[in-house]
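Each chain is listed here by its residues.
Protein chains: 2
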Amino acid sequence: MELQCPLPQFDFEVITLGHGSGGLLTNQLLESGVFDLLKNEFLDQRHDGATFSLSGPLAFSTDSYVVSPIFFPGGNIGELAVNGTVNDLAMCGAIPRYLSLAFILEEGLLMKDFWRILVSIKFAAEQAGVKIVTGDTKVVERGKGDQIFINTSGIGELHPKAKINKSRVGVGDRIIISGNIAAHGIAILSLREGLQFESAIQSDTTNLNHTVASLLEVFGDKIHLLHDPTRGGVATVLNEMARDTRLGVEIWQKNLPLAEDVQGACELLGLDPLYVANEGIFIAVVAAEVSEAVLEQLQADENGLQAAMIGEIVDVHPKQVVLHSSIGGKRVVNMPLGEQLPRIC
Amino acid sequence: MELQCPLPQFDFEVITLGHGSGGLLTNQLLESGVFDLLKNEFLDQRHDGATFSLSGPLAFSTDSYVVSPIFFPGGNIGELAVNGTVNDLAMCGAIPRYLSLAFILEEGLLMKDFWRILVSIKFAAEQAGVKIVTGDTKVVERGKGDQIFINTSGIGELHPKAKINKSRVGVGDRIIISGNIAAHGIAILSLREGLQFESAIQSDTTNLNHTVASLLEVFGDKIHLLHDPTRGGVATVLNEMARDTRLGVEIWQKNLPLAEDVQGACELLGLDPLYVANEGIFIAVVAAEVSEAVLEQLQADENGLQAAMIGEIVDVHPKQVVLHSSIGGKRVVNMPLGEQLPRIC
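The listed protein sequences derive, respectively, from chains L and Z.
In our numbering, each residue carries its 1-based index in the first sequence increased by 58.
In our numbering, each residue carries its 1-based index in the second sequence increased by 58.
It is possible that part of the hints are untrue.
Because identical chains cannot be distinguished in the list, a pair is counted as satisfied if it fits within a single copy or across any two copies.
[Said to hold, decoys possible] Mimicking DSS-like on lysine-lysine, the simulated pairs with C-alpha atoms at most 25 Å apart in a straight line are:
1. LYS219 - LYS170
2. LYS97 - LYS180
3. LYS221 - LYS97
4. LYS312 - LYS377
5. LYS189 - LYS224
6. LYS388 - LYS189
7. LYS224 - LYS377
8. LYS224 - LYS97
9. LYS180 - LYS388
Just so you know, the hints here were simulated from the structure itself, not pulled from any lab data.
Isolated chain L, as found in the complex:
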């Protein structure tokens, strides 16, 4: 269900260069609903930056979002931009608190599309429990951008029980994935290529911070590492893990959670789901002794219904990821070279 807020009465139907001027038109754009929609005590300061108090260990993350198309089954670039940065903070073991929001708009963007994106941003921020406290709007000439690019940067406070660090990953640790893989990439690709499946495959974009916080609350420093397999998919995250820890990674294909329709689409398109982007799942490397309990807790969480134990850290084939296939073979899973699907996020 897409949430909606009534479109304010704008005096203009499309974004023009003047909306990026910093002058009256910029003010008009912001006052005509944007500030009201995203209203909070920080944004209301309307200074060059926001001020607030936080203390202790913090996490800070940034991402620019250039996904094409900007609307897709299961979401749009707005909620993707909020969820993506919220999730990056969560992967650091942080409780996301404040986001910045910067737009690069292409001249000619329809106000109704911009508004629809803003409304998604508002609801995604509320769902994640973060506040959008500062922002920026630039406009580029037609043909020098692509409708809308969004940067979000975020600040979070580290969960007091979190000790997330690749140096804490050790042999015997278990690898758990929180849900079905490859949905986001296939949703985008299907739309872009005009492919029709029986039912539209939905992007999995969602905020994972509450799910992660619950795990940290219960399992604390037994959670060694967290990563969300976005661009480059599960294969990339596992390879980075193997490379950075100088340990081996083994995964079991039969345990990899994959929805039937997504699997079918991957086969049709000749894509390995391990390389397809995700926006609503994460990989946790946890101490073996808590792994079953972590899995159980995840499976009781709305974001972890399909969670599975997919592998472990081993002391052989250092820096390599090896997959045990469903039919009994073994193969090395390499890092992808380049772009399977450009502009997936």
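Use these hints to put chain Z onto chain L, whose structure you have.
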């Protein structure tokens, strides 16, 4: 003088879509010099975000930079992106500490141009005393961007003596400007329009944080408000100030510092320098009793040599900016409607 670092041996001369994939090519781009160039203990964590400790009141700001052309007399988009966000934090009364850095690259961007920009970013960050702790790189297809867009977001700690707030501006406060106006806008416009003046007019882009910190150290809460007149120029900042405080603003044209060559260019181009963008000056609203001392200290600072007292806050014509012209007349200075110079920053 443009600082240089030797260009590493890249295996590629231009940016391709694969460099935004998150896979091997992205890693190659980052490992082939980028991480080494910007090296610090935070960036070296190479996680989805950076973690560090800070406490107390913080400031947080974001800006995306889309300036065209990306290289201009006096600077380039890289140092502009660092200085701009550093200055926004300084205007909040903060000591800038950490920056994020997110690129949207257009397929085909020359590696040597990207490198030149990265080197400027490195030196600008060093000069400002900030660390680049986290980042992101996306690549869009040719024709869907314009060489390079950069977002920087920044976190700073509020200066313990700072009490910057528009609510603290009162009648009788003096308005001081830290230097010559309109240089950045004219530098960009001259280049874009192919205009030749006797000497190339240079952008004033620089970091103002050290200058501001020295003022706050000495004058503390007597500094009521700070703003850097970037997009929309001095006229926009003064109008926002009048609108937000519901007080009147008066300025004296004869005191407005303006270099002769910039003035000549403005006359030639039919531009009012009050509306032209700046990237290396700020406006301070200060208590009358310290205004002479603030001016004196500024004029002894390398960023304030041309500082001048340009006006005051008055209890007449609320929400309006009135200029006393050099020839004795008076006129209202309005907020600009739209874009005088698109993509100035």
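For this session: Indicate which option fits the pair LYS97, LYS180 if close means a Cα-Cα distance not exceeding 25 Å: within, between, both or neither.
Result: within (9 Å within a copy, 36 Å between copies)
For this session: Could you figure out if LYS221 and LYS97 sit no more than 25 Å apart (CA to CA) within one copy, between two copies, both or neither?
Result: The answer is between: 23 Å across copies meets 25 Å, while 34 Å in one copy does not.
For this session: Could you figure out if LYS224 and LYS377 sit no more than 25 Å apart (CA to CA) within one copy, between two copies, both or neither?
Result: within (13 Å within a copy, 56 Å between copies)
For this session: State whether the alpha carbon distance between LYS312 and LYS377 is at most 25 Å within one copy, between copies, both, or neither.
Result: The answer is within: 22 Å in one copy meets 25 Å, while 69 Å across copies does not.
Problem set entry | Status of LYS224 relative to LYS189 across identical chains (alpha carbons, at most 25 Å) | Only across copies: LYS189 and LYS224 sit 22 Å apart there, 29 Å inside one copy, limit 25 Å.
For this session: With 25 Å as the alpha-carbon cut-off, assign the pair LYS219 and LYS170 to within, between, both or neither.
Result: Neither. Shortest intra-copy (44 Å) and inter-copy (45 Å) distances fail the 25 Å Cα cut-off.
For this session: Could you place LYS224 and LYS97 in one of the four classes (within, between, both, neither) given a Cα distance threshold of 25 Å?
Result: between (38 Å within a copy, 19 Å between copies)
For this session: With 25 Å as the alpha-carbon cut-off, assign the pair LYS180 and LYS388 to within, between, both or neither.
Result: neither (46 Å within a copy, 45 Å between copies)
Exercise. Checking LYS388 and LYS189: alpha-carbon separation at most 25 Å within a copy, between copies, both or neither?
Worked result: neither (46 Å within a copy, 44 Å between copies)
The structure does not agree with the numbered hints 1, 6 and 9 stated previously, though it agrees with the rest.
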